[in-house]
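Asker: Chains as they are written, first to last, in our numbering: chain A, 1 to 285; chain B, 1 to 308; chain C, 1 to 289.
By construction, these hints were calculated from the structure, which means they are not laboratory data.
Result set (DSSO-like, lysine-lysine): computed pairs, CA atoms no more than 30 Å apart in a straight line: (1) K197(A) / K54(B); (2) K132(B) / K197(A); (3) K281(C) / K198(A); (4) K49(A) / K132(B); (5) K197(A) / K114(C); (6) K111(B) / K127(A); (7) K44(A) / K127(B); (8) K59(B) / K127(A); (9) K279(A) / K114(C); (10) K115(A) / K35(C); (11) K49(A) / K281(C); (12) K132(B) / K127(A); (13) K49(A) / K101(B); (14) K198(A) / K114(C); (15) K197(A) / K66(B); (16) K127(C) / K35(C); (17) K279(A) / K35(C); (18) K115(A) / K132(B); (19) K127(A) / K101(B); (20) K280(C) / K132(B); (21) K114(C) / K54(B); (22) K127(C) / K132(B); (23) K32(A) / K66(B); (24) K201(C) / K47(A); (25) K281(C) / K115(A); (26) K279(C) / K132(B); (27) K35(C) / K197(A); (28) K29(A) / K61(B); (29) K114(C) / K47(A); (30) K54(B) / K37(C); (31) K115(A) / K174(B); (32) K201(C) / K132(B); (33) K44(A) / K101(B); (34) K114(C) / K132(B); (35) K101(B) / K279(A).
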Amino acid sequence: MIISKRFLIIWWENKMNEKIKKGLPSFLKSTKDVFSFFFFLGKKARKTKVFYLVSFFPVIMVLVIKFVQIFSGLPHVQGIFIFSNHIMVLYLQFLILILALFFGTSVCSEEVEGKTLTYLTTRPVSKSAIILGKYAAYTLLIVLMTGIGLILTFLILNVNNLLDFSLYKILFKYTIVLILGLICYTSFFTFIGTFLKKSILFGLVFSFGWENVIQYFPGSTQRFAIVHYLKSLLPFPSGGRFSFLLFRLEPTSPGVAVVMLFLITGVFLGLACLFFSQKEYILED
Amino acid sequence: MILIIETQNLSKWYGNVLGLNDVTIQIESGITGILGPNGAGKSTFLKLITGQIKPNIGKVKIKGEKIRNNYSLFSIIGFCPEQDSFYEEMTGWEFITSLLKLHHFSSTEIKARAQDALEIVELINDKDRVIKSYSRGMRQRLKFAQAIAHEPEIIILDEPLNGMDPLGRRKIIKLIKSYEREGRTIIVSSHVLPEIEAMTKRIILIHQGKIFAQGNIHYIRDLIDTHPHIISIKCSNPRELASKFIHEEYVLKVHFSSTRDSLLIETNNRDKFFSLLPSLFLESNIEVKEITSPDDNLQAVFDYLVGK
Amino acid sequence: MTIKEKGYTHWDGELKEGKFPWRPITRWGIKLTFKKKFFKLLFFTSLVPALVYLAGIYISERLEDFRFMIKGPTEFIQTNPAYFKSYFTNDFLLFMMVMILVFCGAGLISDDLKYNSLQLYFSRPLKKKDYFFGKAFVIVFFLFIVTLIPGLVLFFMKLIFSGSFKFFVSYPWLLVSIIGYSFLVTGFFSFYALFLSSLSKNRRYVAIFIFGLYIFSDILFGIFYGIFRNQYFALLSIKSNLQQVGSFIFNQKTPYDFSWFYSFLILFFICVLAGLVLKKKVRGVEIVK
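Produce the complete structure using the sequences and hints provided.
Answerer: Shown next as structure tokens:
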């Protein structure tokens, strides 16, 4: 009996040592596993369904616009003009900010507030993989949310010119800008969520305060806003005679703007991983 | 016995609240019970040895390796946290399989292990229900299942029997004991002495952030047994009852209430006294209304042991 | 040993009810809000317009002394009902009120839903109505400090600085306007925040919706107006509706070319809807589907 117990203990010892020595899967595999965990969870969550509805609001809106244009005597405005000057503003200056703010800060905050962080940090995956995997899952979710809405909006507004293929080039460009915006903003808010408790408030002030106000400053000042690089990738509509008093975009070249957006994303994701690995999260009751 | 967990001068404070103070301890394989009243520092200790929080002073080593940010160690550790929190929108099955995925098992292995774990905790029939519809006991069992599903060598359980019914408790206790026989290391915390007593003889007593006793449960039991217990009996004839046991040497004091319907007895051998009591009632045909033990809780025992 | 059946003893005493059973809820809500980091900073920032307008009243009374500083027309600094209207309906003040809601209103009901504490409330001698009052008065407390109180202070400071009752005699209804608009805007925002707070257990989610819906409604108006140049689309904007009704209350020309009553109806409809949802959402027992 004693021998068999001893044997069992030695067997366990060897099995477990092997388990550690075997080496862990690559960082990418861990990130992928975390990604699929949260992509699955995110798809199921009620909040995602609500935000899907929110992000489809522009579609309803353009349907109303089309309806009014057809059945009322109000002035007819070209679809592409509405899309570039109104719908894209709604997406760039409101929708993607709200979505990135909520999902970005959720990467860390919802684990801490929901006290589920323990389930993740007691698994053989690095903390950086948790952040990157969850960030990737949530970013993909919101890209799908807004992307589908954006394409539908575009098609509805240009329903009369669907055979004009030059329009699709514009749609492609706008979609890319939208995706870049989501990637960049979500990384920034992921970082904010890892080290600030009141991340939502800070995020709101940043999104609707800083990102707007800084655009009114000339020269290099406006380069401190993410929206500057996004707008640099889009054709800038000419304003009125005195618009320069309010807001004058001094665009960065598209190549530099893309590099800057990726750089900002990389830096903030790196910082988020660093903070998340080092910071101690107390799960309060 | 093999040394599994080692801590050196481990201290942790939250602001100006002391969580754990200067704990140096070595834990070997087998079951170790962490016992202490609420707020003693049990959870802080378990969070520190699982790397959830950073110690302000001191070190933790598991199998000779530091734990914090050493995620590879978690392939051999299973942790059942104290807090009742879940990804509420998932079903029990999804919860277990998703977490197993983070252990990088193949999908067939994930299914098999999840099936086993849920069968062990008897949740297999409810596996497709969303967690938010689970009862307290079911949630507790699910938490236990996620800690054992990947068959870890070291299982750390923070108050695992909380909210479980007596049958569920017995089952989990039996399971924990079977893990010991397999040579695993189990650390289990509780504030209920009989619970720990049913699992192991090796205990660590924590009180006010300090470890003040460690070793065999018999030693602690002896201390507890010599702790004078106060028992209150409400009955029809307290004086007659007292006359029956007053000559017993383990009865230290008897005090009659002014209402003449109850008495307080102080004894240093509670077990012997309680075994005598039923026969006395029957012999003298005394009608009993109530028997209570005002200080029969762990806090009272701790107060006694620390000489308060 | 015989076991005796123990009968239930009925309560013979008088069941008393407190006069204001909602008071502890309000007190606790205010206390908790003040404990939040950055709230004090935000709250005092929202009082900046009041200080600026107070300085304006002072300058308007000593216009000659400040003449060297002011070039051009001085109408904008004249204290009249338009001056009060511009204080109450300015974009910054409304924005700050929404920020206050984000802080103090988001968690009011959602936290109770999250921690299952509604049943604790309703296991006490507390009616649903008392619960709502208790929660709403937390918002009322903070919003009155940035609307009603500064409004009254500005009014009385005007009388004190001018040293006569001429202003009061010229505009005897202004005091009623100040009180009326303060009640309107505070009442509306109380319904608005409680309604959104009752929709989710997640306070962060509610905070985003309180802020987002306010901004979104305004963007929506901007887009529709930009395309169709029709002022009726202002009815889509919470801010524009408040400004439209505010202008009427202060007896000023409304900013949009339609009746203030339409805006009032929109605000009233939102409040009714909020009331209905609140009644349905707030209950002692949670049903898990």
